[in-house]
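Dock the two chains into a complex; use the hints.
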Amino acid sequence: MNVLAMFKKELRSYFASPIAYVVLIMFALLSGYFFYSLLTFFSLNSLQASFNPAFAQGLNASEWIVRPLLRNIAVTMLLLMPAATMRLFSEEKKSGTIELLFSYPIRDWELLLGKFLAALALYAVMLGISLLDVGMLHFFARLEWGAILSGYLGLLLLGMAFLGVGVLASSLTENQIVAAVSAFGVLLLLWVIGWSTEAAGPTLGPILSHLSIINHYDNFAKGTIESKDVIFYLNFTILCLFLTLRALESKRWRG
Amino acid sequence: MIEAEKLTKYFQKVAAIEDVSFTVEKGEIVGFLGPNGAGKTTTMRILTGFLPPSSGTARVAGYDILTDSLQVRRRIGYLPENVPLYTDMKVAGYLDFVAEVKGMERRERRRKIGEIMEKCRIVEVQRMLIGALSRGYRQRVGIAQALLNDPEVLILDEPTVGLDPKQIIEIRQLIKELSGQSTIILSTHILPEASMICQRVIIINDGHIIAVDTPENLTARLQSSAKLLVTVDGPADQIGAALIQIPGVLSAEAKDRARDAVVSFVVESERSRDLRREVSRMIVERGWGLLEFRPADMTLEEIFIRLVTKEEQEVRE
Ligand SMILES: Nc1ncnc2c1ncn2[C@@H]1O[C@H](COP(=O)(O)OP(=O)(O)OP(=O)(O)O)[C@@H](O)[C@H]1O
Ligand SMILES: [Mg+2]
Numbered sequence: 001m002n003v004l005a006m007f008k009k010e011l012r013s014y015f016a017s018p019i020a021y022v023v024l025i026m027f028a029l030l031s032g033y034f035f036y037s038l039l040t041f042f043s044l045n046s047l048q049a050s051f052n053p054a055f056a057q058g059l060n061a062s063e064w065i066v067r068p069l070l071r072n073i074a075v076t077m078l079l080l081m082p083a084a085t086m087r088l089f090s091e092e093k094k095s096g097t098i099e100l101l102f103s104y105p106i107r108d109w110e111l112l113l114g115k116f117l118a119a120l121a122l123y124a125v126m127l128g129i130s131l132l133d134v135g136m137l138h139f140f141a142r143l144e145w146g147a148i149l150s151g152y153l154g155l156l157l158l159g160m161a162f163l164g165v166g167v168l169a170s171s172l173t174e175n176q177i178v179a180a181v182s183a184f185g186v187l188l189l190l191w192v193i194g195w196s197t198e199a200a201g202p203t204l205g206p207i208l209s210h211l212s213i214i215n216h217y218d219n220f221a222k223g224t225i226e227s228k229d230v231i232f233y234l235n236f237t238i239l240c241l242f243l244t245l246r247a248l249e250s251k252r253w254r255g
Numbered sequence: 001m002i003e004a005e006k007l008t009k010y011f012q013k014v015a016a017i018e019d020v021s022f023t024v025e026k027g028e029i030v031g032f033l034g035p036n037g038a039g040k041t042t043t044m045r046i047l048t049g050f051l052p053p054s055s056g057t058a059r060v061a062g063y064d065i066l067t068d069s070l071q072v073r074r075r076i077g078y079l080p081e082n083v084p085l086y087t088d089m090k091v092a093g094y095l096d097f098v099a100e101v102k103g104m105e106r107r108e109r110r111r112k113i114g115e116i117m118e119k120c121r122i123v124e125v126q127r128m129l130i131g132a133l134s135r136g137y138r139q140r141v142g143i144a145q146a147l148l149n150d151p152e153v154l155i156l157d158e159p160t161v162g163l164d165p166k167q168i169i170e171i172r173q174l175i176k177e178l179s180g181q182s183t184i185i186l187s188t189h190i191l192p193e194a195s196m197i198c199q200r201v202i203i204i205n206d207g208h209i210i211a212v213d214t215p216e217n218l219t220a221r222l223q224s225s226a227k228l229l230v231t232v233d234g235p236a237d238q239i240g241a242a243l244i245q246i247p248g249v250l251s252a253e254a255k256d257r258a259r260d261a262v263v264s265f266v267v268e269s270e271r272s273r274d275l276r277r278e279v280s281r282m283i284v285e286r287g288w289g290l291l292e293f294r295p296a297d298m299t300l301e302e303i304f305i306r307l308v309t310k311e312e313q314e315v316r317e
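Keeping their order, the protein sequence lines are chains A and B. Residues 1 to 255 in this note's numbering are what the first sequence spells out, letter by letter. Residues 1 to 317 in this note's numbering are what the second sequence spells out, letter by letter.
Just so you know, these hints were derived from the structure itself, not from any lab. Just so it is clear, CB atoms sit at the ideal spot from N, CA and C, and this is done for glycine as well. One thing to keep in mind: the hints can contain errors.
[Said to hold, decoys possible] Distance ranges between label pairs, derived from CB positions: (1) D68/B / G96/A: 18 to 28 Å; (2) D68/B / L234/A: 26 to 36 Å; (3) K166/B / F242/A: 48 to 58 Å; (4) L129/B / I129/A: 25 to 35 Å; (5) E118/B / M1/A: 24 to 34 Å; (6) P35/B / D108/A: 31 to 41 Å; (7) L131/A / Q126/B: 35 to 45 Å; (8) M1/A / A15/B: 35 to 45 Å; (9) P35/B / Y21/A: 39 to 49 Å.
[Unchecked claim] Selected chain A positions facing chain B (in silico; Cβ < 10 Å): (10) S13; (11) E92; (12) Y104.
Only chain B is shown next, with the shape it has when bound in the complex (with noise of 0.2 Å):
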């Protein structure tokens, strides 16, 4: 559905995104995740048609951005970063603009522009000037106006950004409902909302993509070596002690103290070695009580810092 090659961007003499080639299948949602002047809007951008690449293309619901512009963009729904909507018109006058530009005829407009305030929750605003509403609703009609012409490619730039908790919740919940019709490709900055929502994320920092992978596949490819959470029931020094003899244990360490009693250890070992069985027999053989007893996978979060951080360590060397 979606595929950039090489896709550079220069501003001046300064290149907001490099050779950024990714493909989104039919169907997926794809995160765009990267830190703040990554290249995110740039890419975003540059897929609709609102800014030319300086080099490299781009295939769009199966057209080139570059010479099949009008094609691309019946095709697309499109919600940039600070939802720039016109704020001295109705909501449901807005939507009905955008629909009558998006080509669909009179009739099939009214009963479009229902169905999408409903699935949006906006019927309730939809005689309310859009200037007059609060974020988290212009964030629905922009959302709304984004879906009118049931996009094959929907373009979503940061678009929980600025919500409070309970809205956040229900836009992912919208987006993820969408997501049977729709590709989606979202950006945000928002690690857990990435492994969240999305499939597949694109990770990129400095105008680079530096991995591409799903949520999973990004954290094991990353462990270099595997950790254990270890709950235990008994005296924190001894356990410590008895967990670092254990063949193959690089590491243990305590991580947090509930009660006198419970101790967690994370306990770290080579990735070839599977060291579950020998940490349990030893704390049931010493009386210990296991409480509890997981691998503790890296965070995307971690992931992400670690990523970032290696790049930056290769291109210093």
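If we strip away everything but chain A, and leave its shape as in the complex, we get (with noise of 0.2 Å):
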């Protein structure tokens, strides 16, 4: 109850301030613009494959257009998860309100909570309008729609793991820039860690392919959900918002 209490209060602030209008509007603007230039790419190749029949065999609209706008909505999340993050506890720290909502009976977990499922609801919404567009694409071609919906879920824990990072950098600081860039660096670098896994060596290459965060997101974009990268990206969600709760009580303890 304390966590729905809180979830409803989080969700309107988002409303009430531009961050959740500006974190969307530019989040349709960008999958828009990508939705239309796979779409113009991928009718282009269509039209040169009416001449070429065993061209045509390899081109389907999942692969072509779906499987690359989830990725790169993927890379759109580095910058827009840390901004919707960046205010849930700095904020509170910075104007004092934390000190109050400390003397309400509420246990830290439930605020934790209710703050970042605010967020992860905030990133549904994202979801569900670029999933407009790939509705739309189900009227004029043929759709896998199990390789989308996996891939989906893939967005989904992906974008939970981002939530976490964002909610642990904004409650070790009282300064919201400080919160959002320290998000999106730490962001980046678990990202472009895979891209040396090759160079690293047989020990540390395997390591840091496991600690990339966008690797685990390639078998979903496929259409095979595997248990591994569920857990993986559950498991870090997870130490994520148990290292907030620490950072919470330590701040409790520090003053």
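Set out below in structure tokens:
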């Protein structure tokens, strides 16, 4: 019940400030643009394929449009997720409202969960917007919905991990800019860490590849849901939330 | 209702409060009085569970603040020093959120919020953004959120600071009205305020409690001599000389001269001696007019300054 109260309050705050609108509008613009350019590229190729039946074999809308679209959305999230989470705790600390919040009979994990879920809801709205584009495609092309839904599940899990990092960063500072920039930096690092796996050698390579936050997404994109990937994202998120709880506690201990 | 036991809080290596012990009985209004940086806010933050003490503990409403923080927080209402409220929320929406977090059912919330908005006189601003409210109304909303769960203990950190005189009077009145239902502890550095609303005063300076008593007792305890205020219609120098000659009078000081012939004297005598009869008889016998005659109490302000300076002298010695 307390979680629900916190969730509603936080969601209301999102839409009382420009942050939610900016994030949503930027997302709609970017994902709309990605979709449009992928679609034109695809139809150009389809046109050529009509003269070359062999080429047409490998041409399907799921693979040529939806999969790269979801991948691009994941990249956008690197930027938008830190913006969505930066104020969650920083602002409470800066304005002092956290002092009152801590005097209410609400457990630390309840207020953390409420805030996290509010950010997740905002993210879900973004995914919903992109699903409108994909749904439109359904009327013009044959789509492999299994792979698409698995891709969306991957995006959702990936987003949760991103939010976890953002929430943690927000609980460590009272400056929103610092929270956003450090969350972005950490996420980018966790992303690019997978690029150097070959150079890193036989021992370090697999570790880096396992830590890489985006490598675990690839299977989802191909349409296979593997439990090790699901578990990776869930563990990663839970670890972040756990560290956030510790940060909140120590904030209390230090004053 | 509140039992603080040797509360000590260090920030880095500096003690903000040290060995602070006091009790507050059910239904009391107790004032926490001290200059800036005395440790009032620190003590209150410890009581609400926001800050943990470095050592010592306290029981609030029967529960230990360290081991049963949640139970304590169910039973308190807190108004922090700078009234930190969510500026992007509307008054009614904010109160609804607080009531929900405090565990009230939807139907009960409606009724209670209406009742409290009426009590705190914020009904007319309920649709406004908190960020757009004036200081006085913010303060009222702050008090309203503290009252939502019918708290057994109300902790108010400088509830009247920054308000205009009319609002100060209204807020004080409101606090007095609340004393029926809750035990109240409030901090202030305005002395008349403490003596006006509080049944007991805890004077704290530099992290140490230096006196706990009723405002009247504090006054009495600190007067090492008894003082009388005498206003007489007659020649000032003659009156002064005559007063001094009464056995037992230590000093007679002319205070102010309203008109030529009317003078006020503060007559100081040894504490054990009551010289009221002698003084009044002398004045009447000389044929002067006795216009005013009353004991001149030390104001709480004077006591406060004395206590604080006395303590500092002791430390120096
Ligand atoms: N978070 C903190 N970090 C370091 N020192 C602190 C902190 N909070 C308070 N102090 C110190 O503790 C002492 C007591 O401060 P406190 O705020 O309790 O005083 P106060 O009696 O409330 O004063 P005021 O009347 O100005 O509100 C001060 O010397 C202050 O500098
Ligand atoms: Mg203070």
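Could you see if the CB distance from E118/B to M1/A stays within 24 to 34 Å? With Cβ atoms ~26 Å apart, the hint holds.
Hold the hint about S13/A up to the distance rule: shortest CB distance to chain B must be less than 10 Å. The hint holds - S13/A has a Cβ within 10 Å of chain B, the shortest such distance being about 6 Å.
Per the hint of 35 to 45 Å, is the separation of the Cβ atoms of L131/A and Q126/B within bounds? Taking Cβ atoms as reference, L131/A and Q126/B lie about 39 Å apart, which means the hint holds.
Confirm or reject the claim that P35/B and Y21/A have a C-beta distance inside 39 to 49 Å. Taking Cβ atoms as reference, P35/B and Y21/A lie about 47 Å apart, which means the hint holds.
Assuming the hint says 48 to 58 Å, is it satisfied by the Cβ distance from K166/B to F242/A or not? holds, 51 Å
L129/B versus I129/A beta-carbon gap, inside 25 to 35 Å or not: This hint holds: roughly 29 Å between Cβ atoms.
Hint check for G96/A and D68/B - Cβ pair distance inside 18 to 28 Å: Given range 18 to 28 Å: holds, Cβ gap about 25 Å.
Restraint outcome when E92/A is required to lie within 10 Å of chain B by C-beta distance: The hint holds - E92/A has a Cβ within 10 Å of chain B, the shortest such distance being about 9 Å.
For the pair D68/B and L234/A, does the Cβ-Cβ distance stay inside 26 to 36 Å? At 33 Å between Cβs, range holds.
Could you see if the CB distance from P35/B to D108/A stays within 31 to 41 Å? holds, 34 Å
Is the distance from the Cβ of M1/A to the Cβ of A15/B consistent with 35 to 45 Å? Roughly 40 Å apart at Cβ, these two residues keep to the hinted range, so it holds.
Hint validation: Y104/A versus chain B, beta carbon distance must be below 10 Å. Holds or violated? holds, 5 Å
Checked against the numbered hints listed earlier, the structure breaks none of them; every hint is satisfied.
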